[in-house]
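Model the full assembly from the supplied sequences, consistent with the hints where possible.
Each chain, written out:
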Amino acid sequence: MLSIVYFAWVREMIGRDGEALPRPAPETTIADVISALAARGDGYAAALGDQQRLRAALDQHFTPLDHAIGDAQELALFPPVTGG
Amino acid sequence: MLSIVYFAWVREMIGRDGEALPRPAPETTIADVISALAARGDGYAAALGDQQRLRAALDQHFTPLDHAIGDAQELALFPPVTGG
Amino acid sequence: MKRVLVQTEDFDVAGELATLEALGGGGVASFTGVVRGGNGLAALELEQYPAMTRLQMERIVMDAGERWPLIGMTVIHRHGYLTPGARIVFVGTASRHRTAALESCAFLIDWLKVHAPFWKKEHFADGNTQWVASRSEDDARAHGWNG
Amino acid sequence: MKRVLVQTEDFDVAGELATLEALGGGGVASFTGVVRGGNGLAALELEQYPAMTRLQMERIVMDAGERWPLIGMTVIHRHGYLTPGARIVFVGTASRHRTAALESCAFLIDWLKVHAPFWKKEHFADGNTQWVASRSEDDARAHGWNG
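Residue numbers (the working numbering), protein chains in the order written: chain A, 1 to 84; chain B, 85 to 168; chain C, 169 to 315; chain D, 316 to 462.
Simulated from the structure, these hints should not be mistaken for laboratory data.
One or more of the hints may lead you astray.
Here are the simulated DSBU-like cross-link-like pairs (lysine-lysine), alpha carbons at most 35 angstroms apart as the crow flies [said to hold, decoys possible]:
no.: 1; chain 1: C; residue 1: Lys289; chain 2: D; residue 2: Lys317
no.: 2; chain 1: C; residue 1: Lys170; chain 2: D; residue 2: Lys436
no.: 3; chain 1: D; residue 1: Lys317; chain 2: C; residue 2: Lys170
no.: 4; chain 1: D; residue 1: Lys317; chain 2: D; residue 2: Lys436
no.: 5; chain 1: C; residue 1: Lys289; chain 2: C; residue 2: Lys170
Residues from chain C that keep clear of chain D, each with C-beta distances beyond 12 angstroms, as calculated [said to hold, decoys possible]:
no.: 6; residue: Arg171
no.: 7; residue: Ala210
no.: 8; residue: Arg227
no.: 9; residue: Gly233
no.: 10; residue: His265
no.: 11; residue: His291
Predicted model only: the values in this text are computed from it and were never measured.
Every residue gets a Cβ at the ideal spot worked out from N, C-alpha and C, and that includes glycine.
As structure tokens, this is what we get:
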């Protein structure tokens, strides 16, 4: 399984903190995973439809969306950070 | 009269905090005043002989040594500052 | 000394600075970020990615330690609900070189802004809420340190 | 708010920072200079030019206020005999813009180093004394702000 976690308005629009997905092939990119989730429609489409607005972390490292998930255990999807 | 004040090692070498001089002509430069004082020899020569090591303020404004004293009331002579 | 804290409670700026001063470096720089009021803001909510936050802040602190000769670094970031006037973030650095202390302090806060997984949500007195948008100038400043 | 102090006694960093935070700007930067020990240093003596010091510090603070959008500036410089570990100087700035707070804080301490009439004399445990020489890199940093 691949653990997906959501933060900020991505979490709010989807309506959940995260979920587990059947493990995709290692060469699957983060963008591919996002597209598959967005295809579910509703909150998923609203939150994940525009990938320009999204950032990701694989196993707690920021990772560009065009990178493959490889053997990562956790994929986090969220808007650009606004801390500090 | 022109009031002269000394600070740091200039003060220590001369052995006094300051003194009053008969008022020089307005076009006299700070460098001229320093040279006249250094000509007194002893501590004055030691403290004021090398003008490269000196800085000055006229009426509490830093002023280059080649400037004329004009109608200033107070000339301060000291090494480069080292505060902060 | 490296000190990284993520917490809901407030922190003691005086105590943090005293610890940095006591390291004997001679120069201590700090930045404190505080919730700005106005526009009917009732509270600022800071959400974090708990599994990543501390890890990422420690990476940033390690980066700074490689770039400047520092003898102490303290970074504290709060999360949860903060009201106007409350402290959000503290960065303190100590060095024998004032330039190293000042520059690394600026680096750390710039870097936290774009590399620490926190998200701000504004809660207004009238009940409205709004996620704070990221600012492209923050990105630009943080990337400026790569030059 | 502009606050300029020249004094022999220590100052309360926490109180100074709290005052700057309370202005509501959101960003507060500070630098504190502390007497470094080592090499047998017993005390650092700071001599000033009393008639000029405060005037000159106020000019520097005014300069900073013209260069950056600041809502608060506090500059405190001690004189007299200070032992290792004692605070010498404090610069604190508050702004709505963290960059303005950080840059003006660096400017103020750089500028004080070369434009405030203080002279440091080291007193060593063995009875020797030595006037601290000015550093050309301080001049260079201060002049860098003219660019």
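These are the hints, each one checked on the structure:
Under the criterion of a C-alpha separation no larger than 35 angstroms, the hint pairing lysine 289 of chain C with lysine 317 of chain D is consistent with the structure, at around 33 angstroms. Among the hinted pairs, lysine 170 of chain C with lysine 436 of chain D is consistent with the structure: their alpha-carbon atoms are about 33 angstroms apart, no more than 35 angstroms. Only pairs whose Cα atoms come within 35 angstroms are accepted, and lysine 317 of chain D paired with lysine 170 of chain C is accepted, the gap being roughly 33 angstroms. Distance restraint check for lysine 317 of chain D and lysine 436 of chain D: the Cα-Cα separation of roughly 29 angstroms lies within the 35 angstroms cut-off, and the hinted pair is therefore satisfied.
Between the alpha carbons of lysine 289 of chain C and lysine 170 of chain C the distance comes to roughly 29 angstroms, so the proposed pair stays at or under 35 angstroms and holds. Once the 12 angstroms rule is applied to beta carbons, arginine 171 of chain C is consistent with being away from chain D; the minimum gap is 17 angstroms. The Cβ of alanine 210 of chain C lies farther than 12 angstroms from every Cβ of chain D, with a closest approach of about 15 angstroms, so its non-interface assignment holds. In this structure arginine 227 of chain C is separated from chain D by more than 12 angstroms, as the shortest Cβ-Cβ distance comes to about 21 angstroms.
Distance check for glycine 233 of chain C against chain D: the nearest CB is about 19 angstroms away, which clears 12 angstroms, and the non-interface claim stands. With a closest Cβ-Cβ approach of about 10 angstroms to chain D, histidine 265 of chain C is found to fall inside the 12 angstroms limit, against its non-interface label. The Cβ of histidine 291 of chain C lies farther than 12 angstroms from every Cβ of chain D, with a closest approach of about 17 angstroms, so its non-interface assignment holds.
Consistency note: the structure conflicts with earlier hint 10 alone.
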